[in-house]
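*Asks:* Sequence:
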Amino acid sequence: MTSKKLLLLFIFQLLLPLEAHNRSESYSKFQFLNLESGVEVRITGTIKRGIFEALNPGKKFQSYEDFTNYLDDAIILGDKCKLNQSVEFNENNAAGVLKFYWDFKCSTLPSNVSISLFQDLGVTHTHIARGVIDGETIPEFMFASQTDVWQINALSQPNTNQSSYWGYLISGIEHILSGLDHLAFLLGLILLYQGRNLVIAITGFTIGHSLTLGLGAMNVLRVHSEMVEILIGFSILLLAVEKFFKHHYEFDKGMKHLIFASIALFPLALFGVLEPLLVLGLALFLTIYLSLTYHYSSPWIPLMITVFFGLIHGLGFASSIAEVGIPQDRLWQIILSFNLGVELGQLAVAFGILGLFALAKRYFSQSYFSSIHNITGAVVFSMGTFWFVTRAMGI
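Letter 348 of the sequence shown, counting from 1, is numbered 347 in numbering that gives the first Met the number 0, and no numbers are missing.
By construction, these hints were calculated from the structure, which means they are not laboratory data.
Mixed in with the good hints there might be a few duds.
[Claimed, not checked] Derived lysine-lysine pairs resembling DSS-like cross-links, with alpha carbons at most 30 Å apart:
id: 1; residue 1: K98; residue 2: K58
id: 2; residue 1: K81; residue 2: K104
id: 3; residue 1: K58; residue 2: K28
id: 4; residue 1: K360; residue 2: K252
id: 5; residue 1: K79; residue 2: K104
id: 6; residue 1: K242; residue 2: K252
id: 7; residue 1: K59; residue 2: K242
id: 8; residue 1: K81; residue 2: K58
id: 9; residue 1: K98; residue 2: K79
id: 10; residue 1: K81; residue 2: K98
id: 11; residue 1: K255; residue 2: K245
id: 12; residue 1: K28; residue 2: K81
id: 13; residue 1: K104; residue 2: K59
id: 14; residue 1: K28; residue 2: K98
id: 15; residue 1: K28; residue 2: K79
id: 16; residue 1: K59; residue 2: K245
id: 17; residue 1: K98; residue 2: K59
id: 18; residue 1: K81; residue 2: K59
id: 19; residue 1: K58; residue 2: K79
id: 20; residue 1: K28; residue 2: K59
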């Protein structure tokens, strides 16, 4: 009995230390302009407000002056460059993004760039920089630590920093592993599907994630990041509701369930940030979704559903990558690298959880295993409810 309890405790311990949705990343765009008097370097840095707050900057910066001094020293271009003025920054409330602006004057083109921007606040934080020299794009670079150096080479040497494909693959793996809501959604899929249908569902999630990431990278898609976070919480909640309640959703009781769902969600319109029409739309989607999944067991259902949910989850990263952009000449290679990392990370987590469930099924009785399954579903339900309600309330 002791070993069974220890295994159960280990399963749920895996859920505790993980962080919330977004990868901890910041971005920058460098413009190198050759002038008669030298080289001007204009830099725009961005970070999502939620990611910045998660880094807990209040512990390091006691005043506004401390923060601006930190930003002044965050980018080093060498002895031949001088910062024209103190760094400026502003907050784009609509997009939930902080923006920072540097302006350097250099006697010659810098040979390399060092950036220590927020890596000291979070050990997993990465910074992605891209640059343009007189209108010509140079290879971007991913700063994974404060010791990394970006080589600013002549355009005749474009391959010096091409190793970033591997960096994007690793970033894709970290993106899925560091997001508790991504993992909670994946856990919900594992609770709902088995075997071939589970593989189809996970692949569908990646397809949807890839589509919105690509559209964001091409600047085709601009999204309201706070609304995306709300919908991500709703998608997790919906999977848990499907596990426990979909067998109640008969087509002839659709109006009854729609009214009940609308009443349950309506306080979010009164006290939160959701519009009444959107609340009604979510209630309608919940009712139709649960009715369809109950009455149709085709293997294509999980594919279509998870493609849709993947579109929503992918919007979270698309909103970030749209701010910085990625080089159009290597767009698809980078997207492929990143999403390959996402798929590898998802499969690793899925097989890990399935292995734990297999052990539990082998060593526990059927009733005990069923309890573990239901408790896990309750954990997913509580996570989805917490994220959905707190984000919808603007907390």
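*Asks:* Could you work out which earlier hints the structure fails to respect and list their numbers in ascending sequence?
*Replies:* The structure breaks hints 4, 7, 16 and 19; every other hint is satisfied.
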